[in-house]
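**Q** Sequence:
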Amino acid sequence: MKIITSAPMSSFSLLLMCISLSQIAAIEPVDQGANCSPKTCGNLSILDPFGFVPQQATDTKCGRLGFEVHCNNSIPYLGYYRRKYRFRILEIFYDNSSLIVADIHKLGDFSGSDSKGCHVLTANTSSKVGLPFSVSPVNLNLIFYNCNKIPEAERGLVETKCSSGLFVRVGVGGHYNDSSNYTQYSVEGCSTTLVPVMGEFGKVNASNYEQLISDGFLLTWQLPSNERRYIKLILIGMFCYCPLSYASM
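Just so you know, the sequence shown maps onto residues -26 to -1, 1 to 223 in mature numbering (1 follows the signal peptide of the UniProt record, and there is no 0).
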């Protein structure tokens, strides 16, 4: 019996399927290289490549994909990721393509109002970081341990204010590393969560974990080598960014 296999579906075919299954409300070009007039959010200046998204707005035609800055009550948030996991922007260094952000979700884990006082950390901060950004290796590892038993004292772990067996220490090595190989960080009976923080190795006190998270960590970005224009297909229940070349076929 002859088995017939179909060829992989092309990007253009996927685009046609996407359109055929959804009603298009609007198609509008987005110029990823568009120059944006300078804006401010609080004390922060929002310049190219970032695009300013005013409060109550959901999108901007300014700036480049992934560089949306949402301004809420004069506080700037990096809006390229799902809003529930937003990073608060503390400072942007346009001259060397980097910025300092704070993981406000991690801070919220320690400000619960229930009897435990906080929530157990489960996700590495780096899991919320995507292109065009990356966590700078100049950061340090702040490692949280969720333990089902009290770890040995020689491990050098500091107890947190949580009553759920959560401990913390600064990682060895002096540079941030979120490799899936946690052997160097492992403690028997404990799961680990990594949070990048700034500071000088050997001088950072893990007991100040809340302040360290609040002070943020360094992200870097890299613009694509070739500037392309995209179209934004506004579909029922979804947004789809596609290269303009596909739309012109």
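No lab work stands behind these hints, which were simulated from the structure alone.
Treat the numbers as computed from the prediction; the structure is a model and nothing was measured.
Some hints could be false.
[As the list claims (entries may be wrong)] With a Cα cut of at most 20 Å, we get these calculated EDC-like pairs of lysine to aspartate or glutamate: (1) Lys13 <-> Asp83; (2) Lys123 <-> Glu65; (3) Lys135 <-> Glu65; (4) Lys135 <-> Asp189; (5) Lys102 <-> Asp83; (6) Lys177 <-> Glu162; (7) Lys123 <-> Glu133; (8) Lys135 <-> Glu174.
**Q** May I ask which of the numbered hints given earlier this structure violates, with the numbers listed in increasing order?
**A** Violated hints: 1, 2, 3, 6 and 8; rest satisfied.
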